[in-house]
Amino acid sequence: MTRQHVSVTVNGEVREADVEPRLLLVHLLRDVFGLTGTHVGCDTSNCGACTVHVNGMSAKSCTMLAVQADGAEIRTIEGMASGATLHPLQQGFWDQHGLQCGFCTPGMIMQSAWLLARNPDPSEDEIRDGISGNLCRCTGYVNIVKAIQQAAAELRAAEAAPDASGTPAAAS
Amino acid sequence: MIPAAVDYVRPADLGEALRILKEREGEAKVLSGGYSLLPLLKLRLAQPAILVDLQAIGGLDGISRTDDDIRIGGRATHRRILEDEGLAAVLPIMRDAAGGIGDPQIRNWGTIGGSVAHADPSADWPAVLQAVRASIVLRSADGERVVPARGFFIDTFQTGIEPAEMLTEIRIPLPAPKSGSAYQKLERRAGDFSTVGAAALLTLGADGRIAEVGVGLTAVADAPFAATHAEDALRGARPGDELFREAAAAASRQSRPADDAHGPAEYKRAMVTEMTFRALRAALGRALA
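In order, the protein sequence lines correspond to chains B and G. Residue numbers are given in our numbering: position 1 of the first sequence equals residue 1, and the series is strictly consecutive. Residue numbers are given in our numbering: position 160 of the second sequence equals residue 160, and the series is strictly consecutive.
Hints are supplied without guarantee of correctness; some may be wrong.
Unchecked claim - When the alpha-carbon atoms are kept at most 16 Å apart in a straight line, the in silico EDC-like pairs for lysine to aspartate or glutamate are as follows: (1) G:K42 / B:D125; (2) G:K178 / G:D207; (3) G:K42 / B:D121; (4) G:K42 / G:D7; (5) G:K22 / G:D142.
Hint data in this document are derived by calculation from the structure and do not stem from the laboratory.
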């Protein structure tokens, strides 16, 4: 089969590759671009470990072809921290023990970022619904919910005081 | 899981897409959101030679209203349907169904046209579209057909779409005044396909009796179907719990569920009765609101 040229913007940087049309987006990110923070869990669009943002919408990158993403803006877990400063969601997961093995965490954080961009002050039910496409087999979700609540509060505070630390602006 | 080798095109307009579907008839598959097709490709249950991606074609994802009907573009995502306030006001059943499909990521990308064309026997939209007596617009290089949703779902993963046709739009008649609609889904875990899904639309006449009714069921036959025996029991009658129990039992008798991981057939038949009853009750509540 002919290879096709794909050009995507990943975490603000233009990346290009010639790929087989059957290549999955998650494999483009991991195997071609070396961005292994995005995990392959179930490979059946159930678990959400591979969640990334494509043009601002959260997507399961195991259920999208790389060629479908040609021309798109993609954001992965590697694009969340600002230098050595963790994104408030990353910090929240750290502080609240929102992970044990950590396998689901990149997808969980990307899905939470999408949720908070649309709903900066979600209720616990809205958080649980928002991450219902992301499975965690360690934590029982309680600390994940706390982590997202911590991040939401921090992001709202940063929004209210835009002159404060610059990092939260990257969350939108 | 890796799909078999395949070609990919992203036509810029509908005409070009339809031309490709005609030239590569039987070899081409339409790619919309991908959340039905990609799993099939990865399992190699589908091995098309070429994928025709619709994402660059404008005008296929809107929701609009005419004097007679609601028109939903085939590429409208479950999310767009879920969040359309105008649609929810006239057809709350659409919000009921959209909100229960898959999970947030799937709703972000999965489309109503993709789901309907895919025709999973447990999918939600086919039951809803039969309850509301929707029509399905099919385009090809040779023209357009508008076919009723009732009769469109032939069998498991089989619809009335011809290989060179594309589903471009869903049309739903605007419900008459004093109508109510609801969808009730039983699922084992959040985000699962339905164990049983029941869709109902009720229209009350000036005398308070049921003037028109539609009931659709999913996951309890080889293909989602209209529960016509229940409709016959309801039409012309005065609405109430006793009547709804009777009609729901008729819906259950018309269902043909299979034993599977979601439960034995006997359990599913009992759940058809319950979910149909709940859908009718919710629809009545909305008709009276």
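Review point. Checking against the hints above, which ones are violated?
Key: 1 and 3
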